[in-house]
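Chemist: Sequence:
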Amino acid sequence: MKREDVPKVLEILKREFPKWNAPVVHMIAQHDKDPFRVLVCALLSTRTKDELTWRVCKRFFEKVKSPEDLIKLSEKEIEELIYPVGFYRVKAKQLKEIGKILIEKYGGKVPDTLEELLKLPGVGRKVANLVLSKGFNKPAIVVDVHVHRIVNRWCLVKTKTPEETERKLMEIVPKELWSDINYLLVAFGQTICLPRKPKCEECPVEKYCGKCL
DNA sequence: AAAACGGGGGC
DNA sequence: GCCCCAGTTTT
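Residue numbers for the first sequence follow numbering that gives the first Met the number 0, so the first one is 0 and each next one is one higher.
In short, the hints are calculated from the structure, not lab data.
Among the hints, erroneous ones may be present.
Stated by the list, open to error - List time: in silico SDA-like cross-link candidates among lysine to any residue, alpha-carbon distance up to 25 Å:
{"id": "1", "residue 1": "Lys75", "residue 2": "Leu51"}
{"id": "2", "residue 1": "Lys174", "residue 2": "Pro6"}
{"id": "3", "residue 1": "Lys157", "residue 2": "Asp33"}
{"id": "4", "residue 1": "Lys125", "residue 2": "Glu201"}
{"id": "5", "residue 1": "Lys174", "residue 2": "Lys75"}
{"id": "6", "residue 1": "Lys7", "residue 2": "Asp31"}
{"id": "7", "residue 1": "Lys210", "residue 2": "Leu51"}
{"id": "8", "residue 1": "Lys174", "residue 2": "Pro161"}
{"id": "9", "residue 1": "Lys137", "residue 2": "Ile100"}
{"id": "10", "residue 1": "Lys75", "residue 2": "Gln29"}
{"id": "11", "residue 1": "Lys174", "residue 2": "His145"}
What the hints assert, rightly or not - DEER-style ranges, computed between Cβ atoms:
{"id": "12", "residue 1": "Pro194", "residue 2": "Glu76", "range": "35 to 41 Å"}
{"id": "13", "residue 1": "Lys71", "residue 2": "Leu193", "range": "40 to 46 Å"}
{"id": "14", "residue 1": "Lys1", "residue 2": "Leu193", "range": "46 to 52 Å"}
{"id": "15", "residue 1": "Glu114", "residue 2": "Lys1", "range": "29 to 35 Å"}
{"id": "16", "residue 1": "Thr160", "residue 2": "Glu3", "range": "48 to 54 Å"}
We put the CB at the ideal spot given by N, CA and C, even for glycine.
Given only the sequences and the hints, what does the whole structure look like? Please build it.
Modeler: Pasting the structure below:
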């Protein structure tokens, strides 16, 4: 795929994947732009199915609406609230720690730069960029396994690591399309451009595919 | 570079 | 029963 094709391809995917079936963090952000909620939701969604994350987030936000609410809870109480998600012990510990850092260091607010976000426990490039994009409306490209796989399968880039993919995409893709990439390629990757057996016969953008894989 | 964290859902 | 899931941290 050529870089000039990207806007057209995203336009086609946008028609194919309207907002209602977008991934959970996107839905949270549609409903409520609060960076704190986006951060919590993004952290809980790590290696966990969207539908499950969605249920847990809704329950969690009934009790916890701010870092102040969060630090009032013990690690044990947080575990009980988020229990069904995977890695719940690790995530509870990270959430507690994040709450403390937000209060002590950032005046109860979520920081809005990549550098500061990456210092928070459990926050890597994917979660950090998600918070920038969905929580602060800042230009950022969220590269997960889907995005990484798809753009390489398209032959749009040839990269080894997600971070390398992120840098390359920032060069190739116009800034106003960055936030579309964040959810369109995931929706596409979950339903059609699957890891093992992609459904090429159903693919709406097959004629643009580089067929590297 | 590889292992470990982890419950839920699909097959 | 076995395998996978919008990753991150530790070895």
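Chemist: Confirm or reject each hint.
Modeler: Comparing the hints with the structure gives:
no., hint, verdict
1, Lys75 x Leu51, "20 Å, holds"
2, Lys174 x Pro6, "11 Å, holds"
3, Lys157 x Asp33, "35 Å, violated"
4, Lys125 x Glu201, "29 Å, violated"
5, Lys174 x Lys75, "42 Å, violated"
6, Lys7 x Asp31, "29 Å, violated"
7, Lys210 x Leu51, "33 Å, violated"
8, Lys174 x Pro161, "18 Å, holds"
9, Lys137 x Ile100, "22 Å, holds"
10, Lys75 x Gln29, "30 Å, violated"
11, Lys174 x His145, "20 Å, holds"
12, Pro194 x Glu76: 35 to 41 Å, "37 Å, holds"
13, Lys71 x Leu193: 40 to 46 Å, "43 Å, holds"
14, Lys1 x Leu193: 46 to 52 Å, "24 Å, violated"
15, Glu114 x Lys1: 29 to 35 Å, "33 Å, holds"
16, Thr160 x Glu3: 48 to 54 Å, "26 Å, violated"
Hint violations for this structure: numbers 3, 4, 5, 6, 7, 10, 14, 16, all remaining hints satisfied.
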